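**Q** Note that the protein sequences, when read in sequence, are chains A and B.
Heads up: the first sequence begins at 51 in my numbering, then just goes up one per residue.
Heads up: the second sequence begins at 51 in my numbering, then just goes up one per residue.
Simulated from the structure, these hints should not be mistaken for lab results.
For clarity, every value in this text was computed on a predicted model and none was experimentally measured.
Incorrect hints may appear among the rest.
If chains are identical, the list can't say which one is meant, so a pair holds when it fits in one copy or spans any two.
[Claimed, not checked] Cut-off 30 angstroms, straight-line C-alpha distance, at most; resulting in silico cross-link-like pairs (DSSO-like, lysine-lysine):
hint, residue 1, residue 2
1, Lys108, Lys288
2, Lys129, Lys353
3, Lys243, Lys74
4, Lys129, Lys352
2 protein chains.
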Amino acid sequence: MLSFGYAGKTYPVNPRESQILGLKTYSRVGDITEPVDFASITVPAQAVPEIVEECLAKGIKAVQVLTAGFREISEEGQKLEEQLISIAAKGIRIIGPNCFGVYCPAGGQTILPGEDFPRESGPVAFISQSGGYAVRVPRQASGWGIRFSKVVSYGNACDVNECDLLEYLREDAETRVITGYIEGVKDGPRFFKLLQEVSKTKPVILWKGGLTHSGARAVHSHTGSLGGEEAVWDAVFKQSSAIRVNSLEELLDTTLAFLHLAPYRGRKVCPVGGGGGITVAASDACERVGLSVPLFPTQLQKKLASMVPPAGTSVRNPVDVGSPFPLPAALRGVLEAVLTEGGVDAIIVDEIEMSISTPSMKGFGGNHGELTQVPVDVKKRLDKPVVMVLPVEAIGADALEFEGARRNICDYYLSQGIPVYLTLERAAKALANLAGYYERRDAISSPSDSGN
Amino acid sequence: MLSFGYAGKTYPVNPRESQILGLKTYSRVGDITEPVDFASITVPAQAVPEIVEECLAKGIKAVQVLTAGFREISEEGQKLEEQLISIAAKGIRIIGPNCFGVYCPAGGQTILPGEDFPRESGPVAFISQSGGYAVRVPRQASGWGIRFSKVVSYGNACDVNECDLLEYLREDAETRVITGYIEGVKDGPRFFKLLQEVSKTKPVILWKGGLTHSGARAVHSHTGSLGGEEAVWDAVFKQSSAIRVNSLEELLDTTLAFLHLAPYRGRKVCPVGGGGGITVAASDACERVGLSVPLFPTQLQKKLASMVPPAGTSVRNPVDVGSPFPLPAALRGVLEAVLTEGGVDAIIVDEIEMSISTPSMKGFGGNHGELTQVPVDVKKRLDKPVVMVLPVEAIGADALEFEGARRNICDYYLSQGIPVYLTLERAAKALANLAGYYERRDAISSPSDSGN
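From just these sequences and the hints, can you work out the full model?
**A** In structure tokens, the structure reads:
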């Protein structure tokens, strides 16, 4: 907390020390004379109930219990956890046990191994039954320019659970997109109803862990939850507009889409690339996740044909501009024509070399700044979704210089509201998840409310 | 060719120049007095047939035609291509047209934009109907330590086609694993029969592009091929032991598995990680692709429990060692116990911090070299498959230093015969593809040949 820069007062409590990190240290919670808002508890499991009682007596409103060794490990632990539940009922809220706590940049608070998390707030919330993901998601997300309102690792959820958090985040003005990693829910019907409600106004992107046989077994020994049947969860996702994702990467990819492309609504896309094989793969990848790549009208095809070389290209959709190093004016013309006359909802640009990724490409570097700028200008001028794919081409330890150049361009696009993906498959899936949200939201709302 | 370091003689042919890059230049092919083995043709499409005729007259055995603008673009182009076919019939082999040619490090030859490809040979062949992938696959593969015997971009395949190449590679002593990107085949029955034959002795990893509706449309304007029905291709993959992949990443991941883990045979795995959520996701990811995560015998569970902290861990399979920074001795103990008593075919190690990926982790760095070494030692001692997952955690342009450290560790593992994957999902899919190959190969071979 100190190195993260918490601005309020901090009172270490420890019976054996009089000073910790230069702060006056108290033997017991009750010894602190000033009022305290929140406690973070890390004592061994057996001692936790007593400490929470002391916090209650002190008038502390909420605590987080980081300690593990409760319901998830034994009957004895189960009993300890039941004690916590009884204490909570007397008027104190408990996050955990078996968790990493809360990251809330606006409040200057971070989770246990989160001293390096960004200090700035952002519009995304993440609730996680897993402590590990409460670290990995914000850490990786930060590199994608994603910033958080609140991240809550809530572990065993003995008191504050996923439903309470959803209710809170629905009202939280700081939060625009809700994301979560969930293993099991405490109250299925309440959770389902809330999910339906909340996702009417804010997208809820959920990664449900433990849907397979051995996954459910792992859930049990992790947070002591029941994983739930895959069929039940299928129905939950179908009957709410919550967005289902199956990996950390898909969670972040989809969040990026909601941050930069909402309210995108359609499924019609045009992949634009600099190579024929790539346009084939782009079509396959888009169609496999439920996007469509509609054939362009003849008029537009003719127009596009006048902008690209005559051989080794394609203008029917996808558009193959013939080389990963097109002239900036040609790429600009293609993107503008497609977005104004192509009847598509978004363009995905892949296999255009926006950065020098290998030594042999240095000769092509003359107009790179200009080429990089094209998608930004087009997106601004036409205010339509443009998505970039910038794969890691230079993979070895000896190619780090090129990876640095690629990352700089990624950061630039992200700063301009253009989402960037590592592969075309991932870009397509994120767009499909985005479109699916609006489709289901419209279908679920009353007929009089539903748009096109 | 010159900057790649071709060691033989090179004869530029150009009617307007007497010297190119310091080499004596000939007006016509026939003017060269010495014998010539191979020609690379880049003249405009209309002039190609005449030049190939000249090569034939000169006694050249084979040519590659890089020029585009044949069958894939117009009827006129189709006629030009038919001329090439007639000339080939007279006794010269043609690769292309509409291709990037051949990369063969042993022969000092590379494809058009491949001057930066590795000079060393390796056991992997790649045949590609797409020129773009003939560049991207070797370039990315090189960062994963994969080296090639031959890469052939064969484009429209007017003469030398995928079947000829498969036949060649079956006999090629340099090639142990065959990979390919294919859009359409010339002779379905011959291709299918060859695939069955070849994959009895060498794995054939195939990415078939254009299996969706719009993908097939894109195939037509790319290499003038017919894409073929998905159902037909499903049957081809089921009835041969060829390995089907759906993206460039999966092709490389699977290749890595064959290079380092063959002859791996089973589907039973144990994910080992440093976090409970991760073991849940590992179980899900493994089961979703058809691997199994069998519950460990009580005896082994007890043994493992004695090696990891009592709370916040799991020993039933997957194994959660409780922290991404385990003591080296504890990780060693776990890996050895699992490989000797767990009855699994492979271990997948995920979420163990083998490199310092963030500033806050620097405090944990004391025994890093020792921790990194554990999987290498265990794999060597027990000679059983160990697979590493080393995700890119530090994504932003400001975190390049950590990415550098991660890549160094990747390179080290690859040099020790341990495949490395970027995500657990990708590791699991590669292992499933590997296991599937041996299963189908055994099932297809005669009953008297089939093993367990």
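**Q** Next step is simple, just say for each hint if it's right about the structure.
**A** Cross-check of the supplied hints:
1. Taking the shortest alpha-carbon separations for Lys108 and Lys288, neither the intra-copy value of 46 angstroms nor the inter-copy value of 68 angstroms comes in at or below 30 angstroms.
2. For a Cα distance limit of 30 angstroms, the shortest separation of Lys129 from Lys353 across copies, 26 angstroms, qualifies, whereas the shortest one inside one copy, 73 angstroms, does not.
3. For the identical chains of this complex, Lys243 and Lys74 are neighbours neither inside a copy (47 angstroms) nor across copies (80 angstroms), given an alpha-carbon limit of 30 angstroms.
4. In the homo-oligomer, the alpha carbons of Lys129 and Lys352 lie at most 30 angstroms apart only across protomers (23 angstroms), although the nearest pairing inside one protomer, at 74 angstroms, exceeds that limit.
Violation of the numbered hints given earlier is confined to hints 1 and 3; the remaining hints are satisfied by the structure.
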